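Counting in my numbering, the sequence shown runs from 1 upward without gaps.
What the hints contain is simulated information worked out from the structure, not anything from laboratory work. If you're wondering where the values come from, they're calculated on a predicted model, not measured in any experiment. Be aware that one or more of the hints could be misleading.
Said to hold, decoys possible - Straight line, CA to CA, 27 Å or less: simulated DSSO-like cross-link-like pairs of lysine-lysine: (1) 81 / 173; (2) 81 / 60; (3) 173 / 139; (4) 111 / 81; (5) 139 / 111; (6) 87 / 13; (7) 81 / 13; (8) 67 / 139; (9) 73 / 87; (10) 73 / 173; (11) 111 / 142.
Claimed, not checked - Simulated restraints on C-beta separations: (12) 181 / 111: 49 to 55 Å; (13) 86 / 164: 18 to 24 Å; (14) 99 / 167: 36 to 42 Å.
C-beta: ideal position from N, C-alpha, C; glycine also.
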Amino acid sequence: MKFENIELNVLHKISHSLVHKRDVASFISEVFDILQHEMGLEHGTLTLRRENILIIEASKGLTEEEKKRGQYKLGEGITGKVAESAKSRIIPDISNEPEFLDRTGARKSAKAAFICAPIISGGEVIGTLSIDLPMAAEKDLKKVLSLLEILSNIVADAVATFRSEIEEKEILKAENERLRWEL
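Working from the sequences, and respecting the hints, build out all of it.
The following block contains the structure:
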């Protein structure tokens, strides 16, 4: 697949979506849809950090069961290493990468490239954004990485809000359980 001149088109579509979406989950879903249509995205994941664990909060191309299996400790696998180091990674062929864990079990065809970028807000890595694409030339994968890093920066504030909403729901759920127990 050729990635020439698609960056501007992708950014245009994503900026349009950002202006029109009020809900972070639907915005991330639309980002993955755009990447699938424009770049042949096979899978896309957004992980959020909860203490030292990264959990898939939004995805494209994964079942709910696969999504549940997608948890990584900081420093574990490619996703965990990206979050720990705050440095993006390109894996040109996941079938030749021993650090690629495929924890989700979703890679039916292992001949794919994997690109992962940290999501940083307030100087802290709060998650990762990763995509699987058909294998491509290194220069094309570097272009995709640059685009993914731009997307990570664009979604950082939205993701920080999303993370706060999740934490708030967990606190309310725990308080609800505590109150039920007291009754």
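* Asked: Which hint numbers does the structure go against, in order from smallest to largest?
  -> Per hint list: 1, 3, 7, 8, 14 violated.
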